[in-house]
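For this one, chain A is given, so just place chain Y on it according to the hints.
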Amino acid sequence: MDARPPTPTQADDPQAPTLPDTGTGTGDASAWPDEHGDALYRYARLRVGRRELAEDLVQETFLAALQAHGRFRGGATVRTWLLSILRHKIVDHFRRAPTVMPGQGHGSPAGHDGDGDAPNSRAGGQVDPISGRFFDASGHWRKAPAAWKAPDRELEAREFREVLDGCLDHLPGSLASAFILRELEELDPGELCGVLGLSAGNLRIRLHRARLLLRECLERHGFGAESSRSSRRTP
Amino acid sequence: MNGFHGLLQILTLRCEAAAALLSRQLDEPLSHLERTALVCHLVACRSCRRFHRQVQRIRQALRLRNRLGPADNADDEGLSPEARARIVRAIREAQAIGEPPAGTGPDTPRDETLP
Numbered sequence: 001m002d003a004r005p006p007t008p009t010q011a012d013d014p015q016a017p018t019l020p021d022t023g024t025g026t027g028d029a030s031a032w033p034d035e036h037g038d039a040l041y042r043y044a045r046l047r048v049g050r051r052e053l054a055e056d057l058v059q060e061t062f063l064a065a066l067q068a069h070g071r072f073r074g075g076a077t078v079r080t081w082l083l084s085i086l087r088h089k090i091v092d093h094f095r096r097a098p099t100v101m102p103g104q105g106h107g108s109p110a111g112h113d114g115d116g117d118a119p120n121s122r123a124g125g126q127v128d129p130i131s132g133r134f135f136d137a138s139g140h141w142r143k144a145p146a147a148w149k150a151p152d153r154e155l156e157a158r159e160f161r162e163v164l165d166g167c168l169d170h171l172p173g174s175l176a177s178a179f180i181l182r183e184l185e186e187l188d189p190g191e192l193c194g195v196l197g198l199s200a201g202n203l204r205i206r207l208h209r210a211r212l213l214l215r216e217c218l219e220r221h222g223f224g225a226e227s228s229r230s231s232r233r234t235p
Numbered sequence: 001m002n003g004f005h006g007l008l009q010i011l012t013l014r015c016e017a018a019a020a021l022l023s024r025q026l027d028e029p030l031s032h033l034e035r036t037a038l039v040c041h042l043v044a045c046r047s048c049r050r051f052h053r054q055v056q057r058i059r060q061a062l063r064l065r066n067r068l069g070p071a072d073n074a075d076d077e078g079l080s081p082e083a084r085a086r087i088v089r090a091i092r093e094a095q096a097i098g099e100p101p102a103g104t105g106p107d108t109p110r111d112e113t114l115p
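One line per chain: the protein sequences are A and Y, in this order.
Note that the numbering used here gives residue 37 to position 37 of the first sequence, counting from 1, and the numbers run on in steps of one.
Note that the numbering used here gives residue 10 to position 10 of the second sequence, counting from 1, and the numbers run on in steps of one.
Treat the hints as calculated values from the structure; they're not laboratory data.
Cβ atoms here follow ideal geometry from the backbone N, Cα and C, with glycine treated the same way.
If you only want the chain Y side, here are some residues facing chain A, beta carbon under 7 angstroms, derived:
no., residue
1, R14
2, C15
3, E16
4, A20
5, R24
6, D27
7, A61
8, A83
9, R84
10, I87
11, V88
12, A90
13, I91
14, R92
15, A94
Simulated restraints, written as ranges between beta carbons of each label pair:
no., chain 1, residue 1, chain 2, residue 2, range
16, Y, T36, A, T77, 46 to 52 angstroms
17, A, A146, Y, V39, 19 to 25 angstroms
18, Y, A85, A, A200, 42 to 48 angstroms
19, A, E35, Y, R63, 22 to 28 angstroms
20, Y, R14, A, D34, 54 to 60 angstroms
21, Y, C40, A, G201, 23 to 29 angstroms
22, A, Q67, Y, P81, 23 to 29 angstroms
23, A, A137, Y, L7, 20 to 26 angstroms
So here's chain A without its partners, still in its complex pose:
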């Protein structure tokens, strides 16, 4: 099942075409929080990191949906329609505050822990903190990535997702916003540069740093081959 909502630019754009009229309604809007609130909240929470912010975005989504109520014609499920609006709200949130950390849960404040945009090189004798953490002066891995077990069971895959969520929560803010919009919202890099106001080079650096940190975090929390199952814990 592909539950990925439409692109945010179509989500609650008044100019967007309405869905075909099949006579299906959106139901009683005051029942939406019970029917869809938890799912929308989890979708938002994973992306913005902070409970209060995720809850605000869910509320904004329902209110925007209420205003656009007349445009819902039943061509999609109510859940998909609401998700598409929420997705738009999330992208908008990152667009408004691209360098502000999404929430306490999303790592250290911007500028800390090397989430700035200094190039990866060591020009001028300055060692980029993230690159320097993973690679030595000659460009070799300081600590070689360990082998990971293959995700051969559903339980393993679920554990992997849970730890990954915890690791995402600990990414520094500006890395998290770039990575989340790229990998969870699946924005293409050109669109993403526009949303975050970044050059292509800076976006590349942020995405790479985010991947280096996430990979290391997963390994640290039990997905390296040497780690025993019992050592797994959510970051």
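Chain Y in isolation, oriented as in the chain A frame:
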């Protein structure tokens, strides 16, 4: 000259640059030279082969979740009762404000619009 520099790039690619290329190719196509240098590096470097597989696995896990959509799992964290009550209240208030006065709804055109 270009051929010489290309050969040099292929022969001297280090893990740091290889990892950056592996990450970049998840987002955009690499040049022929970059791909060649990367392939040659991966043949010889087990660490970078692992990094390659692992960043791909991270992407697959996240994309799979997107395909499935948010789960309705009662065990997972949901809206807090306070937030749920606040949201229901906000929806009801918005509904009350947005309620069109009787006789002015879209299905009941005013007299001047009638023939």
